[in-house]
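With the hints as a guide, dock the two chains, each given alone in a separate frame, to form the complex.
Just so you know, the sequences run in chain order A and B.
With this note's numbering applied, the first sequence corresponds to residues 1 to 94, in that order.
With this note's numbering applied, the second sequence corresponds to residues 1001 to 1624, in that order.
Fair warning: there could be bad hints in the mix.
[Claimed, not checked] List of simulated lysine-lysine pairs, DSS-like, C-alpha gap at most 30 Å:
#	chain 1	residue 1	chain 2	residue 2
1	B	Lys1460	B	Lys1225
2	A	Lys49	B	Lys1462
3	B	Lys1462	B	Lys1493
4	B	Lys1281	B	Lys1304
5	B	Lys1474	B	Lys1462
6	A	Lys49	B	Lys1304
7	B	Lys1474	A	Lys49
8	A	Lys49	B	Lys1225
9	A	Lys49	B	Lys1493
10	B	Lys1460	A	Lys49
[Unchecked claim] Beta-carbon label-pair distances, calculated as ranges:
#	chain 1	residue 1	chain 2	residue 2	range
11	B	Gln1365	A	Ala45	50 to 60 Å
12	B	Met1217	A	Arg25	50 to 60 Å
13	B	Gly1006	A	Ser21	50 to 60 Å
14	A	Glu27	B	Gly1469	55 to 65 Å
15	A	Arg70	B	Arg1408	35 to 45 Å
Simulated from the structure, these hints should not be mistaken for lab results.
Just so you know, these numbers come straight off a predicted model, no measurement behind them.
Built from N, CA and C at the ideal position, the CB exists for glycine as well.
Residues per chain are reported as follows:
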Amino acid sequence: MAMDLDVEFLGLARELVGTRSCTIRLESGATFRDLLLSLASTYPALLGKIIDRDSGELTRAFMLNVDGRRAVTDLDVPAADGQRVLLMFAEAGG
Amino acid sequence: MNAYTGKILHIDVTNRKTWVQKVSPEFLKRYLGGVGLATRLVYDNTPRGCDPLGPDNALCFACSAFAGTTMPVGTKHGVASKSPLTGMIGDSLSGSHFSEMLRRAGWDGIVIKGQAPSWLVVFIDDEQVRFLDATPYLGKGTTATQEAIRTAIGDENVRVSAIGPAGEHIVRYALIDNDGRQVGRTGNGAVMGSKRIKAIAMRGSHPVTVADPDGLMEATLKLIKVAQGPGTLKYRELGTPSNVLSMNAIGVLPTRNFSETVFEHAEEVSGERLRDQYRVKSVACSGCPIACEQWGAVREGKYKGARIGLDYEPLFSLGPNCGIGSMPAVIKLTQTCDELGIDAMSAGVVVSWAMECYERGIFTQEQCDGLDLHFGNDEAAVTLLEKIARRDGIGDLLAEGVKRASERTGQGSEHFAMHSKGLEMPGYDVRSLKTFAMGLAVGTRGACHNRALSYELDIKGKVDRFTVGPGRGKMAMESENFACVLDCLVLCKFLRNCFDDFNTEVAQIYTMTTGIDLTPEELAAVGERVCNLKKAFNIREGWTRADDWLPGRVLSDPIPSGPGAGVYITPDELNYLIDDYYQARGWTSEGLIPRAKLVALDLADIAESVGVDLSVADVAAGEG
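Bound-form chain B, shown alone (with noise of 0.2 Å):
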């Protein structure tokens, strides 16, 4: 086998076990790696209903199909587990060096069960599996954990994936960190934590091969040129806070907890401003040409010597969404989170949901332990993450997520927590960009924006943003599905427009790869596969289509102002827009999967389970 091992490794924490499980290239190509792999064994390992914070919950890493090859954008890997904050699949990725270094240690993918009885940090030294008392570390960050673990290794090659003070205190969005990079949301962090492993270090020795030396590497050089072309060059330049003042210009940049589209001081917290003043170096992923995170820094002032990698997703939310607009306090913020462990982006939407509590007069000063939680008040904010990451006072109810904190405080506070599944929403304000809106609430995770795509649809007029229409049900779907292919491949999603075909030039790349033949519609269906391998999880675990919804503030309120004034989407249109999407996916008007539908996708392994009887042919003609 090229590329492949063809062997996961099984891990049970509780009595220090270990297992392998062989997998054919014929169930490696049905799922590729990445997401795709790593869903598929949360799938197989995870007992319907299980708690997510109990020692069945298999928390689940997967390669990139490219890792540890000379493949470009290719070293991701895929983490899966069911998630603490949703309830349902809970799929998320991280780049760098740690994909390469588990396929050299010998392993498709990983998976983690049990609950320790003290705790650990995994080693996986090729084909031996350690377990070292991880007492030293507990308490630390997670950049701190990685050094110390590497300097008590002795080895600074050893890649560490680790949780910080977050995932030991099991905040539900708390993630795992690598080499700078993060396996951000979902909250596997704080499965991990649940586990009681702080950290899985690895060090693999073997050298992987591929099938065709010389075609890939004609295919690396050519794409390493088009991956530093104009089609990158968003990238390259400013990176993703680029998206600061666009997303204000057009008016869907989300300020005060998503109140207002508009925010006055976004040229204080933008790309441009962080390049000109703030920006201290780009970074790479391991093996990336592009380079696109952009390195911060703060050389005066209170919050003097933070520095961290910023991306547009922590910049909307730790910024205008709490109407903080200084650099200096996101660049703070955004460390604090990567460095406590919690995902910024939920973060900073728990914080701007607590600051309009705030404001309401649903919280008060006593009850938030004496901080002014005014929107804008920054070095609250800062100390609100440090509560929230070791449950402090009120940090333990904003532990939980917005969802399950508004569900508990009330007041009409469910209102304005804004999420969908669970999952706190990305940097756009979607009551004008309707295609999107659909997007999120249908999506498996929750309101993701990596895994929907559809708001290139809206933004870049190949639909009226403002309207709803037919046909935006297979467009958002075929969005996703697209999304779900890089997602398990897994290749970066920032290379996504620099193939002119992309199914049949990135199939031969794979079969360039590892040998196994694969057509460019067998690449295409891996993303409705899994897309639908997702979604029967989440059936499995009762998931109705009353989850695929939206918050009341986007249903119901008016943009006050700016370009989309007036707007909001009506429940009326998001129905209208999830019948057209079911219709499209081939589902029932309630969202299930006709067994047939499973079958034809080659799952039929779970399609008695959680499949409808029903056609497909049923569905297509209205009757689902």
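Just chain A, with the same shape it has in the complex (with noise of 0.2 Å):
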């Protein structure tokens, strides 16, 4: 069973893609750290600024935020069909 998850990409995370969203298909159950392998392996660009090589978690500078309403605190979480995730930085100050 595979699920859907609409990406939507803000700020640096665009500009090293080329596009502002896109769609990742991953297994039931998968988590948000799989989807951040999954986006490493479709954007190589994002690897390095974005995605830290070693690691496969985002670096310092940013996060993601799933549906507009709750931040990811814990990249073990599953993922569920449907969702919307940004990627974008993550501080806020202006």
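In structure tokens:
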């Protein structure tokens, strides 16, 4: 059973991947860590500045948000079909 | 003494007298510089109950502890006075060269009082103070004023802090501009205008010595490297305008006077659009390796030729919050604010309030001097800003700020006058950022994101932003204290996440710079001390718990759509959070400061006059 996640790229992420959004298909039960692995595979430009090459985790400047409502604070939490995931800068100050 | 000079310059512009106050290393260590030192100078030199726009209000400048040294992102200065917008402490910061020049002229700070009989330029030329006729500069914009004064003095290295027409006309949210950076919030430009000071010119020739040049250079090089690392990537790549799409995506972008949280034209006014179509360069403050400010220029159309450095806050307030979805229009509006000398954050919120009054029929077109003030009308907004700056027609009402304007207008307009304590709100709809909502409510200078910093708790998911719960008060207090340390040092907040152990590393750098021993614990204590000092000032000027509150819209109108649909913060929730915050602070349930608390914070000299007779232990036990 597969699930689809809609990923929106904001800021530098959008510039690096060259698109505003994409749909990532993952196996049911996959986590946000799996999502990052898939993103890194689909968009290698994310590696380094946004996704750490060694750990596969986000670098300090970035975060994931689900459905515009909650920040992902644990990458090992399972994602769910149909979720809208934002890849955005972590710093909010203006 | 290293770095510091140990001298404060006092100027009375009524009779053109000056005198020098000597301050000890122990005194400087308690407040560091910037906002801390400026606040202390205001406390000591402004009499209780004085008119913020009268001669007794002390307009105080204080430079960074690091001013004039190699330390990066430390070339800022603090300015404070009793705010004409809030009637409480009005502290603000600006970047770039003025701080360094102040130190090189031989001063840690300046205190200006009085009211000149005619308009002046105060020219501080090392130890000498000259009073120049400002008549040739009246009516000029902020940039033109600075350039003209440099030309008149004949030295392009003179740094100038100037007000624009808005300051001359005592717009309550007028700013002071230096080098294109602004002492923006709380109306210090109006205070300067009330003293009939068009500008302060500064020339300094003294070297700045540091205690441990080799150690500081090593720390400097390390910090420059860190400042160009991932912790500041956002600021270097897109600057703060990148917030527009992020805040829109999570449903907190104030839209049409904070009535909505998602703007349908956010892409058009985003940092991404600015970079792709309008950016001309990135600009750094003096000595800063980050260069966060993104300059945009309009190359065609009705606003061709407009150009300005853009940050998120002017973008939100003059764009989505006014229903304006055009980047050229926002560039034009921001440039207009900066040149007229109006705080763009407050101005946008005032204009959006007027637009809502117009759409609701509270204001007629005739009352608006013929302007069609529908949301989205950028040309009307430009005209309105010019009217505000000169208090022309409806601009006279709007120059008072949204609190006073709504109180005079009535007809329910107070409900959507978006401010706390009179300071217009920043670019976050706090109905779904409940920890931050409390942070804005309790802020000593009013609704300020930079003083609270607690938006990070909600947005980064350290708490559930849609609910309230125990412990938020302590977390918000810690954010506020940390922000305050940065404002006192001064270090730019954009560096805040670049240290592994902030207090230890920065205390060492402070000691290498000044030669004054400072432990990590003592550094952290400055934040709590100065937060309490600001609160003590407000209490002295008549603050009560009722002042720690938010607009009716936040407390009763559910978010209409988007990720936060249906959410608002109830008065009970806000009261719960405020109680939690007061308890964390060790204050009474009415938000007053026990004398023992002030004594423990090394503020014994003010404890008798503003403290209440209750032990810290009583409060911590919940008996306050």
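Quick rundown of the hints versus the structure:
For the hint pairing Lys1460 (chain B) with Lys1225 (chain B), the CA-to-CA distance comes to about 25 Å; that is within 30 Å, so the pair holds. For the hint pairing Lys49 (chain A) with Lys1462 (chain B), the CA-to-CA distance comes to about 24 Å; that is within 30 Å, so the pair holds. Among the hinted pairs, Lys1462 (chain B) with Lys1493 (chain B) is consistent with the structure: their alpha-carbon atoms are about 19 Å apart, no more than 30 Å. A distance of roughly 17 Å separates the Cα atoms of Lys1281 (chain B) and Lys1304 (chain B); the hinted pair therefore holds under the 30 Å criterion.
With a C-alpha separation of about 13 Å, the suggested pairing of Lys1474 (chain B) with Lys1462 (chain B) holds against the 30 Å cut-off. About 36 Å separates the Cα atoms of Lys49 (chain A) and Lys1304 (chain B), which puts this hinted pair outside 30 Å; it is violated. Between Lys1474 (chain B) and Lys49 (chain A) the alpha-carbon distance is near 34 Å, which puts this suggested pair outside the 30 Å criterion. Distance restraint check for Lys49 (chain A) and Lys1225 (chain B): the Cα-Cα separation of roughly 16 Å lies within the 30 Å cut-off, and the hinted pair is therefore satisfied.
Distance check on the hinted pair: Lys49 (chain A) and Lys1493 (chain B) sit about 22 Å apart at the alpha-carbon level, within 30 Å; holds. Under the criterion of a C-alpha separation no larger than 30 Å, the hint pairing Lys1460 (chain B) with Lys49 (chain A) is consistent with the structure, at around 19 Å. In this structure the hint that Gln1365 (chain B) and Ala45 (chain A) lie 50 to 60 Å apart at CB holds, the actual value being about 52 Å. Evaluation of the 50 to 60 Å hint for Met1217 (chain B) and Arg25 (chain A) yields a pass: the beta carbon distance comes to about 53 Å.
At about 58 Å, the CB distance of Gly1006 (chain B) to Ser21 (chain A) agrees with the hint of 50 to 60 Å. Look at Glu27 (chain A) against Gly1469 (chain B): about 35 Å separates their beta carbons, and that is not inside 55 to 65 Å. Remark: the range hint 35 to 45 Å for Arg70 (chain A) to Arg1408 (chain B) is upheld by a beta-carbon distance near 42 Å.
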